[in-house]
Amino acid sequence: MIAALQSLHLTELGYLTLLAATPLTLAALGGLMCERSGVVNIALEGIMLTGAFVGYAAALATHNLWLGVLAAMLAGMAIAALHAALSISLLVDQIVSGTVINILAVGITGVYYRTYIQETSTVGPGILPTWHIPLLDRLPFLGQIFFQGQAITWAMLLLIVVVHVVLFHTVWGLRTRACGEHPLAADTVGINVYLVRYVNVIASGALAGLGGAYFSLQEIGNFLPNITGGRGFIALAAMIFGRWTPAGAFLASLLFAGADAVGARIQGFHNIPYQFLGMLPYVLTIVVVAGAMGRSIAPAAVGRPYKKQ
Amino acid sequence: MTWRRLFRPAAVALAAQPILSIVCGFAVAGLAVLASGADPVQAFSALFQGAFTNPRAFTETMIATLPYIFLGLAVALGFKAGLFNIGAEGQFYLGAVFGVFIGYSVQGLPGIVHVPLALLAGMLGGFLWAAIPGIIKARTGAHEVIITIMLNYVAFQLTDFLINNRGPLADKTSSAPRTPFIQHAAQLPILIPGTRLHAGLFVALVAIPVVWFLLSRTTVGFQIRTVGLNPSAARAAGISVGWTLVITMGISGALAGLAGADEVLGVSHFMPPSFSTGYGFDSIAVALLAKSNPWAILPAAFLFGAMRNGATFMQLQTQVSADLISIVQATVIIFIAAPAIIRWIFRLRHTPAAPVQLAKTDGGATI
Numbered sequence: 001m002i003a004a005l006q007s008l009h010l011t012e013l014g015y016l017t018l019l020a021a022t023p024l025t026l027a028a029l030g031g032l033m034c035e036r037s038g039v040v041n042i043a044l045e046g047i048m049l050t051g052a053f054v055g056y057a058a059a060l061a062t063h064n065l066w067l068g069v070l071a072a073m074l075a076g077m078a079i080a081a082l083h084a085a086l087s088i089s090l091l092v093d094q095i096v097s098g099t100v101i102n103i104l105a106v107g108i109t110g111v112y113y114r115t116y117i118q119e120t121s122t123v124g125p126g127i128l129p130t131w132h133i134p135l136l137d138r139l140p141f142l143g144q145i146f147f148q149g150q151a152i153t154w155a156m157l158l159l160i161v162v163v164h165v166v167l168f169h170t171v172w173g174l175r176t177r178a179c180g181e182h183p184l185a186a187d188t189v190g191i192n193v194y195l196v197r198y199v200n201v202i203a204s205g206a207l208a209g210l211g212g213a214y215f216s217l218q219e220i221g222n223f224l225p226n227i228t229g230g231r232g233f234i235a236l237a238a239m240i241f242g243r244w245t246p247a248g249a250f251l252a253s254l255l256f257a258g259a260d261a262v263g264a265r266i267q268g269f270h271n272i273p274y275q276f277l278g279m280l281p282y283v284l285t286i287v288v289v290a291g292a293m294g295r296s297i298a299p300a301a302v303g304r305p306y307k308k309q
Numbered sequence: 001m002t003w004r005r006l007f008r009p010a011a012v013a014l015a016a017q018p019i020l021s022i023v024c025g026f027a028v029a030g031l032a033v034l035a036s037g038a039d040p041v042q043a044f045s046a047l048f049q050g051a052f053t054n055p056r057a058f059t060e061t062m063i064a065t066l067p068y069i070f071l072g073l074a075v076a077l078g079f080k081a082g083l084f085n086i087g088a089e090g091q092f093y094l095g096a097v098f099g100v101f102i103g104y105s106v107q108g109l110p111g112i113v114h115v116p117l118a119l120l121a122g123m124l125g126g127f128l129w130a131a132i133p134g135i136i137k138a139r140t141g142a143h144e145v146i147i148t149i150m151l152n153y154v155a156f157q158l159t160d161f162l163i164n165n166r167g168p169l170a171d172k173t174s175s176a177p178r179t180p181f182i183q184h185a186a187q188l189p190i191l192i193p194g195t196r197l198h199a200g201l202f203v204a205l206v207a208i209p210v211v212w213f214l215l216s217r218t219t220v221g222f223q224i225r226t227v228g229l230n231p232s233a234a235r236a237a238g239i240s241v242g243w244t245l246v247i248t249m250g251i252s253g254a255l256a257g258l259a260g261a262d263e264v265l266g267v268s269h270f271m272p273p274s275f276s277t278g279y280g281f282d283s284i285a286v287a288l289l290a291k292s293n294p295w296a297i298l299p300a301a302f303l304f305g306a307m308r309n310g311a312t313f314m315q316l317q318t319q320v321s322a323d324l325i326s327i328v329q330a331t332v333i334i335f336i337a338a339p340a341i342i343r344w345i346f347r348l349r350h351t352p353a354a355p356v357q358l359a360k361t362d363g364g365a366t367i
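So the sequences go chain by chain: A and B.
Sequence positions in the first sequence follow this note's numbering and run 1 to 309.
Sequence positions in the second sequence follow this note's numbering and run 1 to 367.
Any given hint could turn out to be false.
To be verified - With beta-carbon atoms standing in for the labels, derived distance ranges:
#1 B:Lys172 / A:Thr62: 49 to 57 Å
#2 A:Thr130 / B:Trp295: 55 to 63 Å
#3 A:Gly229 / B:Ala176: 20 to 28 Å
#4 A:His63 / B:Gly37: 18 to 26 Å
It should be emphasised that the hints constitute simulated quantities derived from the structure, not laboratory data.
Every residue gets a Cβ at the ideal spot worked out from N, C-alpha and C, and that includes glycine.
Could you put the whole structure together from the sequences, leaning on the hints where they help?
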């Protein structure tokens, strides 16, 4: 095992880890915006899948990758708005509502796959270009990991900071956290709990939708059914392990992505069956969520619908 | 339950909402088909044909209904304790693995012993797999939704390891990756010659009253329901909430495992490295549609079995993807879980019935 790790190029491993952490971090950022305002979001998986699909279909139709990215975010917002309407206005159990979104996403992407992808042009839209930062990309080790990347990875790094500032250094963030901890108190001081929750849930759709675009427009330049493969749920675990903070979610995502990247790279070494390496991120998630590495405290009112008295 | 009771106005009102929800679900799916450029009338008539009127369609629909009965019961039982078992798919796999192993490895038993033994092994597999999230939830408060979903992926990999690439359970004499065929004595007998309908039907039809009896007439059932309704009150009354969560997950998993074992003993008679296709997720919709009532699982499972069976034919005939039934399922759950929409569409009077809401188990659930 150790020998296997040593034979890997660490720079390459670091780069692959950052790439694999991109969709996880974006979805986890969305999840924590949502949950900080008091709405559970197990729909991240479905939102990412929708984003991946619509983003790819739009890029295919317009021959413009950037319009594809935009469409992915808009589609994520649209389906997240459904989650918001169900769980905030119609008081549907938030886990039931999230499950609905996940099932619906499979249905929509399956039914329209033929119409918008299979039967259109065979030439794909390609993948997003790689941008280098001059000079910094020449730094040994770090340069090749952090300073050359594609747009969505750049956006992810930027959004970690943005979400952190919004949540902890703006009035909006304070209101969001108030709604997640004690909506009645927030309402009493004149905060519109419904509005805050709607905006945050829809914002989480934009973030997770962007995460979905990673799969189809940055990683492989194609859409395949169930392309997200459960990463939305791992992102949820990363959010929990990261204690509902952007930086924590990023570090947790790196951990899961690292397990994934290592697993993929040491296949064939030392007769470890590849299936056990495939299990690694999922088992790690279970261990982490089970609290073996420290308890996380969820926002107090998360999961509870708020009904104005 | 007598017929007179079934047709009381209250009972009719109770059934009206699920039926209207199904109608609305199909309406939304029809619009989705229209938007994809296909003909919804053609699609739905192919769906109906594939489910009921083609030769052997009805028995195939029955076969597809059986897993939904077991899995719907599994998820519904979890709901009663406030547990959301999204891991039915993984437990189904484990049940199939255990069932097929006993089915092919044990020799010389008469069928009357071998079949129940293999079914029990399947239940044990599902029980053990589902007890893991139960124990984790009881001990740490980690939410079962994430743990069960993660265990699904682990179960897929584990099954692949066991059966693919000449794994421990693979048939070494076969070039295809699969387990050996089960012994003839372990096969669930065919009920109607010339079809694939097997005696698992009786197992499913017995499972419904058993689960009903367990929930409504036994101490364990009482504890499950009490923990689901109010864990604090349950704890104050001296019920061990943690133990109840573990045992509920275990029984739920045993039912899911039974579905897997039933499938290998009744239909396939061996197991390939990858197996069920989304039965676990569908069964959440089955349980919600039935409002977790064990008796109502039967019609709900039948509807889903018919849709599943018909969808394959529909995809062949009309090029509309079989994933269409996911849209039907999702919208049906929406209408069931948000009765306000149905009341608004049909201008129904508001009769406060028990809403579909999962009871909240406390204990610092972190999600």
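query = Are threonine 130 (chain A) and tryptophan 295 (chain B) spaced within 55 to 63 Å by their CB atoms?
reply = The hinted range 55 to 63 Å holds for threonine 130 (chain A) and tryptophan 295 (chain B), with Cβ atoms some 60 Å apart.
request  = Determine whether the Cβ-Cβ distance between glycine 229 (chain A) and alanine 176 (chain B) falls within the hinted range of 20 to 28 Å.
outcome  = Distance hint for glycine 229 (chain A), alanine 176 (chain B) holds at roughly 25 Å.
query = Does the Cβ pair histidine 63 (chain A), glycine 37 (chain B) satisfy 18 to 26 Å?
reply = For histidine 63 (chain A) and glycine 37 (chain B) the Cβ distance comes to about 21 Å; the hint holds.
request  = Starting from the hint 49 to 57 Å, judge whether the C-beta atoms of lysine 172 (chain B) and threonine 62 (chain A) obey it.
outcome  = About 53 Å separates the Cβ atoms of lysine 172 (chain B) and threonine 62 (chain A), which means 49 to 57 Å holds.
Of the numbered hints listed earlier, not one is contradicted by the structure.
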